[in-house]
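> The lines below spell out each chain.
2 protein chains.
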Amino acid sequence: MPYTAPVSQITHTLARIARLDELAATGAFPNFDAELVAPILEEANKLARDVLAPLNPLGHKTGAKLADTGVIAAPGLKDAYRQFIAGGWMGLAFPEAWGGQGLPKPLALAVFEMIHGANMAFGLCPLLSFGAIEAILAHGTDEQKRIYLPKLISGEWTGAMNLTEPQAGSDVGALITKAAPNGDGSYAISGQKIYITWGDHDMTDNIIQLVLARLPDAPPGSTGISLFVAPKFFVKPDGSLGERNSFRCIGLEHKMGIHASPTCVMEYTNAKGWLVGEENKGLAAMFTMMNSARLNVGLEGVAVGEAALQAGVAYAKDRRQGSVPGEKGSVPIIRHPDVQRMLLTMAANVQAARAICYACGAAADIAEHHQDEATRKAAKAREDLLTPLAKGWSTDRAIDVTNLGVQIHGGMGFMGETAAAQYYLDARITPIYEGTNGIQAIDLAGRKLSMDGGGAMRAMIAEVHDSARELAGVNEPGFLHLSQSLDQAADALESATAYMLAEMSANRDKGLAAATTYLRLAGDVVGGHFLARSAYEARDAADSAAAFTLASYFAGDTLARAQGTARALSEGAEAVFAAAGSLWADD
Amino acid sequence: MPYTAPVSQITHTLARIARLDELAATGAFPNFDAELVAPILEEANKLARDVLAPLNPLGHKTGAKLADTGVIAAPGLKDAYRQFIAGGWMGLAFPEAWGGQGLPKPLALAVFEMIHGANMAFGLCPLLSFGAIEAILAHGTDEQKRIYLPKLISGEWTGAMNLTEPQAGSDVGALITKAAPNGDGSYAISGQKIYITWGDHDMTDNIIQLVLARLPDAPPGSTGISLFVAPKFFVKPDGSLGERNSFRCIGLEHKMGIHASPTCVMEYTNAKGWLVGEENKGLAAMFTMMNSARLNVGLEGVAVGEAALQAGVAYAKDRRQGSVPGEKGSVPIIRHPDVQRMLLTMAANVQAARAICYACGAAADIAEHHQDEATRKAAKAREDLLTPLAKGWSTDRAIDVTNLGVQIHGGMGFMGETAAAQYYLDARITPIYEGTNGIQAIDLAGRKLSMDGGGAMRAMIAEVHDSARELAGVNEPGFLHLSQSLDQAADALESATAYMLAEMSANRDKGLAAATTYLRLAGDVVGGHFLARSAYEARDAADSAAAFTLASYFAGDTLARAQGTARALSEGAEAVFAAAGSLWADD
Numbered sequence: 001m002p003y004t005a006p007v008s009q010i011t012h013t014l015a016r017i018a019r020l021d022e023l024a025a026t027g028a029f030p031n032f033d034a035e036l037v038a039p040i041l042e043e044a045n046k047l048a049r050d051v052l053a054p055l056n057p058l059g060h061k062t063g064a065k066l067a068d069t070g071v072i073a074a075p076g077l078k079d080a081y082r083q084f085i086a087g088g089w090m091g092l093a094f095p096e097a098w099g100g101q102g103l104p105k106p107l108a109l110a111v112f113e114m115i116h117g118a119n120m121a122f123g124l125c126p127l128l129s130f131g132a133i134e135a136i137l138a139h140g141t142d143e144q145k146r147i148y149l150p151k152l153i154s155g156e157w158t159g160a161m162n163l164t165e166p167q168a169g170s171d172v173g174a175l176i177t178k179a180a181p182n183g184d185g186s187y188a189i190s191g192q193k194i195y196i197t198w199g200d201h202d203m204t205d206n207i208i209q210l211v212l213a214r215l216p217d218a219p220p221g222s223t224g225i226s227l228f229v230a231p232k233f234f235v236k237p238d239g240s241l242g243e244r245n246s247f248r249c250i251g252l253e254h255k256m257g258i259h260a261s262p263t264c265v266m267e268y269t270n271a272k273g274w275l276v277g278e279e280n281k282g283l284a285a286m287f288t289m290m291n292s293a294r295l296n297v298g299l300e301g302v303a304v305g306e307a308a309l310q311a312g313v314a315y316a317k318d319r320r321q322g323s324v325p326g327e328k329g330s331v332p333i334i335r336h337p338d339v340q341r342m343l344l345t346m347a348a349n350v351q352a353a354r355a356i357c358y359a360c361g362a363a364a365d366i367a368e369h370h371q372d373e374a375t376r377k378a379a380k381a382r383e384d385l386l387t388p389l390a391k392g393w394s395t396d397r398a399i400d401v402t403n404l405g406v407q408i409h410g411g412m413g414f415m416g417e418t419a420a421a422q423y424y425l426d427a428r429i430t431p432i433y434e435g436t437n438g439i440q441a442i443d444l445a446g447r448k449l450s451m452d453g454g455g456a457m458r459a460m461i462a463e464v465h466d467s468a469r470e471l472a473g474v475n476e477p478g479f480l481h482l483s484q485s486l487d488q489a490a491d492a493l494e495s496a497t498a499y500m501l502a503e504m505s506a507n508r509d510k511g512l513a514a515a516t517t518y519l520r521l522a523g524d525v526v527g528g529h530f531l532a533r534s535a536y537e538a539r540d541a542a543d544s545a546a547a548f549t550l551a552s553y554f555a556g557d558t559l560a561r562a563q564g565t566a567r568a569l570s571e572g573a574e575a576v577f578a579a580a581g582s583l584w585a586d587d
Numbered sequence: 001m002p003y004t005a006p007v008s009q010i011t012h013t014l015a016r017i018a019r020l021d022e023l024a025a026t027g028a029f030p031n032f033d034a035e036l037v038a039p040i041l042e043e044a045n046k047l048a049r050d051v052l053a054p055l056n057p058l059g060h061k062t063g064a065k066l067a068d069t070g071v072i073a074a075p076g077l078k079d080a081y082r083q084f085i086a087g088g089w090m091g092l093a094f095p096e097a098w099g100g101q102g103l104p105k106p107l108a109l110a111v112f113e114m115i116h117g118a119n120m121a122f123g124l125c126p127l128l129s130f131g132a133i134e135a136i137l138a139h140g141t142d143e144q145k146r147i148y149l150p151k152l153i154s155g156e157w158t159g160a161m162n163l164t165e166p167q168a169g170s171d172v173g174a175l176i177t178k179a180a181p182n183g184d185g186s187y188a189i190s191g192q193k194i195y196i197t198w199g200d201h202d203m204t205d206n207i208i209q210l211v212l213a214r215l216p217d218a219p220p221g222s223t224g225i226s227l228f229v230a231p232k233f234f235v236k237p238d239g240s241l242g243e244r245n246s247f248r249c250i251g252l253e254h255k256m257g258i259h260a261s262p263t264c265v266m267e268y269t270n271a272k273g274w275l276v277g278e279e280n281k282g283l284a285a286m287f288t289m290m291n292s293a294r295l296n297v298g299l300e301g302v303a304v305g306e307a308a309l310q311a312g313v314a315y316a317k318d319r320r321q322g323s324v325p326g327e328k329g330s331v332p333i334i335r336h337p338d339v340q341r342m343l344l345t346m347a348a349n350v351q352a353a354r355a356i357c358y359a360c361g362a363a364a365d366i367a368e369h370h371q372d373e374a375t376r377k378a379a380k381a382r383e384d385l386l387t388p389l390a391k392g393w394s395t396d397r398a399i400d401v402t403n404l405g406v407q408i409h410g411g412m413g414f415m416g417e418t419a420a421a422q423y424y425l426d427a428r429i430t431p432i433y434e435g436t437n438g439i440q441a442i443d444l445a446g447r448k449l450s451m452d453g454g455g456a457m458r459a460m461i462a463e464v465h466d467s468a469r470e471l472a473g474v475n476e477p478g479f480l481h482l483s484q485s486l487d488q489a490a491d492a493l494e495s496a497t498a499y500m501l502a503e504m505s506a507n508r509d510k511g512l513a514a515a516t517t518y519l520r521l522a523g524d525v526v527g528g529h530f531l532a533r534s535a536y537e538a539r540d541a542a543d544s545a546a547a548f549t550l551a552s553y554f555a556g557d558t559l560a561r562a563q564g565t566a567r568a569l570s571e572g573a574e575a576v577f578a579a580a581g582s583l584w585a586d587d
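Respectively, the protein sequence lines represent chains A and B.
Note that our numbering numbers the first sequence so that position 180 is 180, with each residue one more than the last.
Note that our numbering numbers the second sequence so that position 184 is 184, with each residue one more than the last.
Honestly, the hints are just simulated from the structure, not real lab data.
Keep in mind it's a predicted model, so treat the numbers as computed, not measured.
Quick reminder that beta carbons are idealized off the backbone N, C-alpha and C, glycines included.
Accuracy of the hints is not assured; some may be wrong.
[Stated by the list, open to error] Over 10 Å on every C-beta distance to chain A, these chain B residues come out as not near it, computed from the model: (1) Glu134; (2) Glu243; (3) Gln321; (4) His336; (5) Pro337; (6) Ala462; (7) Asp540; (8) Ala555.
[Claimed, not checked] One side of the interface only, derived from the structure: several residues of chain B facing chain A at Cβ under 7 Å: (9) Asp21; (10) Ala24; (11) Thr223; (12) Arg341; (13) Ile429; (14) Ile432; (15) Arg561; (16) Gly572.
[Claimed, not checked] Only pairs whose alpha carbons sit at most 25 Å apart, straight line, appear in this in silico SDA-like list of lysine to any residue: (17) B/Lys328 / A/His254; (18) B/Lys65 / A/Met412; (19) B/Lys61 / A/Thr62; (20) A/Lys61 / B/Leu58; (21) A/Lys178 / B/Arg320.
All chains, please: the whole structure from these sequences, using the hints.
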């Protein structure tokens with residue numbers, strides 16, 4: 001069953017959560033017109049549904065191949081990429097000065113949700129280009145911007161991020177790739193990078209590598225890494241392509257999923273590159289790439305979850321097994337309450353994750369563009385807080401959601417080539433790359449919670465209580481119940497936050513042991529809040545029934561657990577701390 | 001890293017939970033001697049660790065193949081199976097009268113946990129033979145027993161279960177395979193069966209199919225199915241093999257995991273078979289096979305979870321990333337609290353699942369062999385209650401546990417050929433086959449809870465409260481805390497049970513919508529109870545520290561959530577009921 005973009009859910013989320021109207025009111029998006037939203041989403045849906053989705057099972061089966069000439073993309077993707085460029089999709093949210101369309105970020109998120117939902121392996125290629133573009137925008141020289149940005153933003157070239165080395169994964173500071181000055185302003189880069197997504201392919205004429213490496217006199221660790229840009233083909237002054245640079249893909253990984261996304265081992269042998277940003281400040285530049293990539297990986301979780309939901313609904317409507325009282329013969333399994341529970345769990349979690357991701361994108365726009373400095377500052381803190389939730393919570397839920405998708409399919413779901421299986425396998429990478437979800441949890445419990453003594457989280461909790469008050473004002477039993485659920489869940493998050501703030505300074509190992517549960521709880525509460533908020537905003541509109549159903553189920557199934565989760569957070573951490581690895585101590 | 005059987009954990013569980021001493025005291029196991037346990041486990045470990053585990057990655061990569069002559073087992077498995085037979089492992093818990101060793105069931109569970117942990121795809125072959133043996137033991141004629149049992153119990157032949165058809169999965173009553181009387185006491189079976197595990201292979205001279213089919217005049221639905229036995233090669237009066245029967249494997253499924261276990265499409269074309277049990281009573285006979293298989297699939301969940309844990313521990317001790325305060329250089333990731341949390345979660349859940357499965361096997365032995373009728377009856381009710389927990393809870397936890405195993409490995413875990421990935425992929429079938437976990441939940445909430453008005457569950461809850469009282473008597477803060485956790489969790493299960501009993505009669509759809517959460521909660525509480533009970537029993541012994549750590553972590557991380565789960569159970573079900581599938585109503 002083909003993927004079709006969930007246009008009504010996306011439209012709802014853009015309006016109710018991302019608040020495109022508020023973004024437009026900043027005046028920063030002169031090209032934006034509310035009338036544009038529907039046609040943009042419909043055009044993107046055509047690309048996703050008609051071009052990319054049909055190629056997804058084929059890519060899963062065939063994968064990318066490494067030939068003598070380099071990596072060959074899976075069948076059909078080169079042409080699909082051509083159509084992607086032709087539609088101008090790459091530049092949606094980038095500055096007009098460099099050929100972009102200067103539209104709000106959530107609109108780009110909506111489009112890329114569709115692209116990932118239709119074909120996550122394909123979507124990874126622009127995802128990595130985003131990182132490259134943002135690094136050059138933020139840290140590149142004027143010349144670098146002039147050479148690379150127009151063609152990256154048009155999609156004519158793609159970008160890739162070269163961070164990981166065999167000994168340097170989560171601990172990127174351990175990297176050893178070297179960059180030696182050539183004396184002409186360029187550097188000679190040598191070393192091996194692994195897990196380089198779309199590090200090579202045949203879909204475009206050029207590929208722009210952003211590479212972390214170490215200068216000869218660099219201090220050890222993360223304070224000694226610098227960022228370089230190295231094109232596959234050098235760019236002549238007139239913009240035409242010259243000689244080939246001396247790096248190449250020497251191997252492709254055999255992965256569980258995203259087979260059509262080439263995961264390259266890249267070898268750099270005195271490859272020529274140029275410094276981006278300052279010497280030894282590569283970590284900061286890397287975070288520019290990573291923050292964008294983290295939100296986009298969270299979005300992948302939303303997208304693949306949505307695709308799994310659609311496949312689950314279609315199968316559950318089609319597959320007949322068992323009967324219901326008072327009816328003869330077998331019924332579609334969607335009639336069975338346990339199947340309805342699975343589908344509702346999928347739908348509510350996907351929508352909560354979508355809301356978190358779009359809200360994160362909206363916060364980024366406000367942080368960048370709002371006229372008022374205090375508003376910008378608060379939005380930046382909100383974006384920083386939501387980023388680990390967008391990445392960590394959404395992708396953990398993607399595992400749960402795609403797992404339920406397999407389960408609904410029964411034996412068929414275990415067959416390696418069904419769509420449900422592909423989604424399950426593709427989804428599995430999302431909690432790992434761009435910072436494992438453990439790293440996200442530590443980022444939340446450490447860096448993000450310590451900003452302003454927990455100010456960003458306190459503001460978020462206050463927002464949840466405010467929503468609860470507003471919902472209670474509707475004076476209907478359903479909204480009253482939602483309001484109480486929100487209040488109690490916010491209380492649970494508040495006490496967990498107090499525990500985290502205390503332990504992260506008094507007894508850091510305990511705090512770290514609780515971090516993943518804290519991220520889970522925070523995502524549950526914020527996600528439930530957004531769902532309830534959407535239901536409230538939509539209460540007199542056409543999208544009210546679906547919004548209320550999702551908010552209400554999520555409150556019942558998830559927010560009702562918040563007090564228990566908060567208790568497990570501290571009690572579990574105490575037990576980890578007490579055990580202190582004793583079970584696996586060396587003899 | 002090679003699998004090694006967790007002999008100390010298994011020994012602990014056999015002693016503290018399965019209570020081999022109590023089983024021996026029934027007098028039903030004259031061959032059993034407590035001194036035998038250690039050498040049996042050690043010999044089984046040799047088979048598992050030295051023979052089966054090394055073949056596991058190869059089987060994952062190569063899989064079984066279908067040739068013109070039939071199915072060819074993955075490399076090395078034929079010889080491994082020969083060693084398995086030679087060890088006499090197949091007959092451990094079967095009656096001496098048919099060549100078995102007449103030992104307690106938990107001892108066989110312990111051995112088969114090792115076999116599945118080392119090579120789950122291989123372990124499935126004897127697992128299916130178990131079902132065939134038990135069906136013939138319970139329902140076969142004397143002649144059928146004489147012909148088939150000795151060679152099935154020795155392992156010289158294997159058995160397979162032919163239930164599923166394309167239109168008849170969970171709803172086995174929808175099957176249409178036909179069995180027409182030949183007039184000589186045999187039947188001509190025609191039809192297609194799918195998902196037949198080890199339905200064909202080249203490891204033994206003969207394969208005995210147990211086949212569900214429909215007699216010509218059978219009523220529709222599940223009251224019209226009968227069970228037949230059909231050997232691949234007919235057995236002559238002298239026991240030698242004659243002509244080949246007319247069924248064959250016409251295809252192998254391409255699956256996510258268990259690649260070395262051939263999943264066959266079987267075509268029956270007037271194949272000759274003989275009725276097992278009474279006409280149209282095939283469903284009862286099927287449940288004989290299924291109950292055994294359900295416990296054994298639960299055991300697979302334990303086994304593959306244990307294997308994932310071992311791989312996770314080994315990787316976490318080896319892989320160095322990041323630093324800890326006060327130490328120079330990078331440390332093994334097992335030093336990081338978040339990794340310790342993942343490993344403890346894996347270990348505690350695996351051990352809880354192991355306890356549930358072994359307790360279920362012990363209850364089956366008591367139910368069959370105890371001298372006292374009331375004790376037998378209570379044990380039967382306990383076995384019936386524990387079976388859906390053993391199957392459903394253990395395999396859901398296997399997904400969680402193997403998922404954490406992948407996560408600990410980071411990017412390496414996503415590579416399709418690492419052990420962590422194989423365990424994740426192999427584990428995914430366990431919540432599906434032998435009755436999906438949704439079916440297990442309905443079995444628990446329906447059949448099992450309605451026995452004696454919830455008497456078996458009430459007895460279990462009383463047992464948890466009793467344990468809590470005993471633990472409080474130890475008068476140490478750690479045990480006091482465990483005791484309180486148990487009491488509160490038992491209260492949560494009690495209120496959830498009251499909700500289930502009420503709704504399953506008043507408003508069945510609500511009860512069914514809550515069933516999966518109920519199974520989860522019941523498994524959490526019973527598992528936590530067994531862990532706490534073990535810690536109590538071991539409190540002055542050498543195994544006390546590990547037992548207390550696991551019990552304590554599980555109480556903190558899982559039992560602390562019980563009240564929240566109970567609340568989500570009812571609130572979630574109410575929301576499913578209120579939504580009534582409205583989100584996906586046809587336009």
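> With 10 Å as the threshold, tell me whether B/Ala462 passes as away from chain A on beta-carbon distances.
23 Å, holds
> Given B/Ala24 was flagged as interface, is its beta-carbon under 7 Å from a beta-carbon of chain A?
Violated, because the Cβ-Cβ distance from B/Ala24 to chain A comes to roughly 30 Å (cut-off 7 Å).
> Decide if the proposed pair is consistent with the structure: B/Lys65 and A/Met412, CA atoms, cutoff 25 Å inclusive.
20 Å, holds
> Regarding the pair A/Lys178 and B/Arg320, is the alpha-carbon distance no greater than 25 Å?
21 Å, holds
> Beyond 10 Å on every Cβ pair: is that true for B/Glu243 relative to chain A?
32 Å, holds
> Against chain A, with CB atoms and a cut of 7 Å, does the hint on B/Ile432 hold up?
6 Å, holds
> Would you assess whether B/Pro337, listed as outside the interface, keeps its beta-carbon beyond 10 Å of every beta-carbon in chain A?
Incorrect as stated: the minimum Cβ-Cβ distance to chain A is 4 Å, not above 10 Å.
> Sort out whether A/His254 lies within 25 Å of B/Lys328, counting only the CA atoms.
This hinted pair is violated, its Cα atoms lying about 35 Å apart.
> Hey, B/Lys61 versus A/Thr62, does the alpha-carbon distance stay inside 25 Å?
17 Å, holds
> Does B/Asp21 pass the interface check with chain A, least Cβ-Cβ distance below 7 Å?
This hint is violated: B/Asp21 lies away from chain A, its Cβ roughly 27 Å from the closest one there, beyond 7 Å.
> Under 7 Å is the threshold here; is the Cβ of B/Arg561 close enough to any Cβ of chain A for the hint to stand?
4 Å, holds
> Does B/Ile429 hold up as a contact with chain A if the rule is Cβ-Cβ below 7 Å?
Holds, about 5 Å.
Violated hints for the displayed structure, listed by number in ascending order: 3, 4, 5, 8, 9, 10, 11, 17.
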